[in-house]
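A.B. asks: Let the hints inform the model, and build the full structure from the sequences given.
Protein chains: 4
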Amino acid sequence: MEKRARVLIDCEDAKGLVYKISKVFYDRDLNIDNNREFVDKEQNRFFMRTVVTGLFDVNELLEELKSVVPDDAHIRVIEPKTKKIVLLATKESHALGDILIRYMDGDLGADIECVIANHDTLRDLVERFDIPFHYIPAEDLSREVHEAKVMEQIDQYTFDYIVLAKYMRILTPKFVKAYPQQIINIHHSFLPAFIGANPYKQAFERGVKIIGATAHFVTDDLDEGPIIAQDVIPVNHRFSWKDMQRAGRDGEKIVLSRALSLVLQDRVFVNGNKTVIF
Amino acid sequence: MEKRARVLIDCEDAKGLVYKISKVFYDRDLNIDNNREFVDKEQNRFFMRTVVTGLFDVNELLEELKSVVPDDAHIRVIEPKTKKIVLLATKESHALGDILIRYMDGDLGADIECVIANHDTLRDLVERFDIPFHYIPAEDLSREVHEAKVMEQIDQYTFDYIVLAKYMRILTPKFVKAYPQQIINIHHSFLPAFIGANPYKQAFERGVKIIGATAHFVTDDLDEGPIIAQDVIPVNHRFSWKDMQRAGRDGEKIVLSRALSLVLQDRVFVNGNKTVIF
Amino acid sequence: MEKRARVLIDCEDAKGLVYKISKVFYDRDLNIDNNREFVDKEQNRFFMRTVVTGLFDVNELLEELKSVVPDDAHIRVIEPKTKKIVLLATKESHALGDILIRYMDGDLGADIECVIANHDTLRDLVERFDIPFHYIPAEDLSREVHEAKVMEQIDQYTFDYIVLAKYMRILTPKFVKAYPQQIINIHHSFLPAFIGANPYKQAFERGVKIIGATAHFVTDDLDEGPIIAQDVIPVNHRFSWKDMQRAGRDGEKIVLSRALSLVLQDRVFVNGNKTVIF
Amino acid sequence: MEKRARVLIDCEDAKGLVYKISKVFYDRDLNIDNNREFVDKEQNRFFMRTVVTGLFDVNELLEELKSVVPDDAHIRVIEPKTKKIVLLATKESHALGDILIRYMDGDLGADIECVIANHDTLRDLVERFDIPFHYIPAEDLSREVHEAKVMEQIDQYTFDYIVLAKYMRILTPKFVKAYPQQIINIHHSFLPAFIGANPYKQAFERGVKIIGATAHFVTDDLDEGPIIAQDVIPVNHRFSWKDMQRAGRDGEKIVLSRALSLVLQDRVFVNGNKTVIF
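Protein chains in written order, with numbering that gives the first Met the number 0: chain A, 0 to 277; chain B, 0 to 277; chain C, 0 to 277; chain D, 0 to 277.
To be clear, the hints were calculated from the coordinates, so they are not data collected in a lab.
All residues carry an ideal CB built from backbone N, CA and C; glycine is no exception.
It cannot be assumed that every hint is accurate.
As the list claims (entries may be wrong) - So the derived label-pair ranges between C-beta atoms look like this:
#, chain 1, residue 1, chain 2, residue 2, range
1, B, Pro-179, C, Lys-83, 53 to 63 Å
2, D, Asn-33, C, Gln-180, 22 to 32 Å
3, C, Lys-40, D, Arg-75, 17 to 27 Å
4, D, His-236, A, Asp-104, 27 to 37 Å
5, B, Met-150, D, Lys-83, 42 to 52 Å
6, C, Ala-177, D, Asp-110, 51 to 61 Å
7, A, Asp-104, D, Glu-41, 34 to 44 Å
8, C, Ser-239, D, His-236, 19 to 29 Å
9, C, Leu-221, D, Asp-56, 50 to 60 Å
10, B, Ala-147, D, Glu-126, 51 to 61 Å
11, C, Asp-242, B, Pro-179, 27 to 37 Å
12, D, Glu-41, B, Lys-83, 50 to 60 Å
C.D. replies: Printed below as a string of structure tokens:
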């Protein structure tokens, strides 16, 4: 039966990669529905994302692709399957709510396994959508102990990505290491401006004329992970920092949802501390 | 000696085109520096732009490419060469001036052969840059007669593109036909809003909150040609239409220069009444 | 007891209006918290929005203001009170959902009285928020008969504004007349481009590089009412019209919510077929 | 004879300021053409810009205004007069060229007294516009000695503002102090991101998806002065840092020219380390 798959390859650049890879598809009589490549010349690294349709066995295709690309290649052949996500949140509903509405609409492209929060504020909203809500308070707990509880809860689920929908706690290296390239965060500034706490207050103090939002993969370095999407909103002297925060929420939720959509469609490669997005 | 060329192909879509074309490059031991493709599924049309380096004869490469793609294919192998443009203008200096500054800076990527205008206003500016300025007044002349004089002047030059840098006259089908896909215009609205005369006045009357600019290839249908680039600028109730015009000028010049840059880099394919831009 | 009110005045322009109006506030010992004026010179019309705090009787203040401004003045002294809205929708959830999440969050600045829809699709979503949902099918009914049923339902409620959250039916002049300057619509293009049905398909056919959304008051002329807010989203040749529609949804919901917020804060004056927004 | 003036007032906020100031205009039978105020509640500071027309003596008006506002008030009554600017540049022509074209067009709203540069590269361009060009090389000179020469040259001219059109040298506190709130700079990033040298390289290394430009008044703290205008440009993984630089130039020149225009129209108040812009 005819199948469809997304083929993602990244490897050291070499002569003839497009030819060799497209030959594999051609020889197997696969249709290329969509194809994009990029070569990072500075890192000498090749990236390719192809959507193929036809008759194929995933493992055979994988093996054959392996035989034509450099040894260091990272190859994925991804068949259509609804991905699963776990959401972490705190008290704010805008980013979470945007994802919930898309989910209900069938527009999210993922199943939401659960929402975990360090406050109980969002329970009512989440449970209205029949999604499990786990309240794990952090009060009186060390960061490590609280996080261990969160991880224990997370690990009850199978999932592809963890989405921090305004989760206002810093993650430890242990947590980050446990889910490599799987954690997506929304930071409420156009990074690298206003790293750290309360970016809107920082923006207000600095008197900027634009504020922004940044969705990125989480790495050990706070607010330093590979950026997936960014957007900005104009502000002026009439904005208090609360006004900036209010205006910024729209940017935050749209940028997070856009980044999540790109990731769920397997359009995002991590390239060192950057991303390649097709 | 090693050469570099841009290879542009557009043709009916068919199975294996990426493979077949990349095989030609591979067999000739050419390096692919940059490669982008697109398939317009609705029109069943394939577009590809590849930058290759290596040892090759242009005609041989062209012949070999022809042998692997559908008969209707339009193939260009373009070697590095500074393109030439002719500018048409009227009285306003912003779009023209932006191109002149880029030209002087070596940033334009083209030689300016001359400026032709239906007013003498811009002579001083143009001649400061040692560029021939031809004043061809339209007063008391029929459109046809005036245009014949303009064409006569234009045809003194060899050039790749005619750029209408706020040339405020409508071209006849005869003119348009003489330079197919070679005429680039900047229209001072985000088309298709405000087609025709004085778009800023129209925008003011309508009370819009954004104004824009559109660079497009000129076809017989006024303001209906394939769009290359567009941008917008926010406005509000405090803007008179003159204010909109003033604010809009920045958009116009940037959009025209950006479109021109894309065209000069051979990044723009015309696809029916649309463009494909790599 | 100290009170707070928004004072909105629009009238024929005349010398000394700012002085005379601010004198009323000064003589009554009211604080001006915020003050903005605008004079439309073309229409010779004055607009002013002032937030005052202090001790005052609304009717007395109103009378005194009347005595210092031209006879045609439209004066409102609005005390803080949560406004009420009625939502009309069809099948799409994004614009409606965005308003629901803001409502639940306490961020909307209005109470939602009910949602009325010509399809039953959104019932589940709406009822999860404990908001009355009225399904009034249009099938087999003339526009007039269906609308009469909708109006009958609407008139069960008291409300300040009717918000068309992607209500995909054209309203008759009778309906529009019944709720003057009270109906807010979101149109899925940057008006006046792509008036009428399926703007995304129109945008796709035209090959534009930006798409947009426009929130406006509804008047008798379809898509011609005073514009409150607009925004745009960049697109390119890779977008099908379905992709444009998907991308455009974010713009639509943000623009509608932003327009609604401005209206609910009494920041929007209608000025002929335009708006003045403070 | 009827005159026109811009009245700019900033002072500690107090009750009745709008009333008292507009009373002065009313009593003198002056027309208010345009009026905007703002109160910075955090700093308890009042800002007002009014355009008045009528019969008045500037000094008398000034005295009368002084008598109704707090003692700390900074009042300016500015009659129409073409302002004068001095430009500092290095090698790049885009920002300088944009200003030159506007100047030639009569669109700048200022006379250019001269261009001073630490390289001779731009001489040809500048002299084509009949503007004095002073080349003051910095090679083999200490910062202090070079700057003393620049100041000596500057002080040959009378001027209102010094515009740094991509002047790639850091100014000493002595220089900054000599021209308080008179020096406008364009920084090639959306500050406070990428302070310091080569922001595009920094942006490239960080993998951002937007780059920007910031026009600001120069203060002692490098890149920390009050921001006048900012804008951003989208980029992606295909951009080298040279591409970012090229794309960023358009933003730089537009932002600088926009900021300069606001300043020349006396629309910009400095408020601590921020600006209030009417």
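A.B. asks: Each hint should be assessed against the structure and marked as holding or not.
C.D. replies: Each hint tested on the structure:
1. Pro-179(B) x Lys-83(C): 53 to 63 Å: The hinted range 53 to 63 Å holds for Pro-179(B) and Lys-83(C), with Cβ atoms some 60 Å apart.
2. Asn-33(D) x Gln-180(C): 22 to 32 Å: For Asn-33(D) and Gln-180(C) the Cβ distance comes to about 27 Å; the hint holds.
3. Lys-40(C) x Arg-75(D): 17 to 27 Å: 24 Å Cβ-Cβ, so the 17 to 27 Å window holds.
4. His-236(D) x Asp-104(A): 27 to 37 Å: Given a distance of about 30 Å, which is inside 27 to 37 Å, the answer is holds.
5. Met-150(B) x Lys-83(D): 42 to 52 Å: Hint holds: Cβ distance 45 Å, inside 42 to 52 Å.
6. Ala-177(C) x Asp-110(D): 51 to 61 Å: Between Ala-177(C) and Asp-110(D), where Cβ atoms are some 59 Å apart, the hint holds.
7. Asp-104(A) x Glu-41(D): 34 to 44 Å: Hint holds: Cβ distance 41 Å, inside 34 to 44 Å.
8. Ser-239(C) x His-236(D): 19 to 29 Å: Given range 19 to 29 Å: holds, Cβ gap about 23 Å.
9. Leu-221(C) x Asp-56(D): 50 to 60 Å: With Cβ atoms ~56 Å apart, the hint holds.
10. Ala-147(B) x Glu-126(D): 51 to 61 Å: Roughly 39 Å apart at Cβ, these two residues miss the hinted range, so it is violated.
11. Asp-242(C) x Pro-179(B): 27 to 37 Å: Check passed, 30 Å falls within 27 to 37 Å.
12. Glu-41(D) x Lys-83(B): 50 to 60 Å: 58 Å, holds
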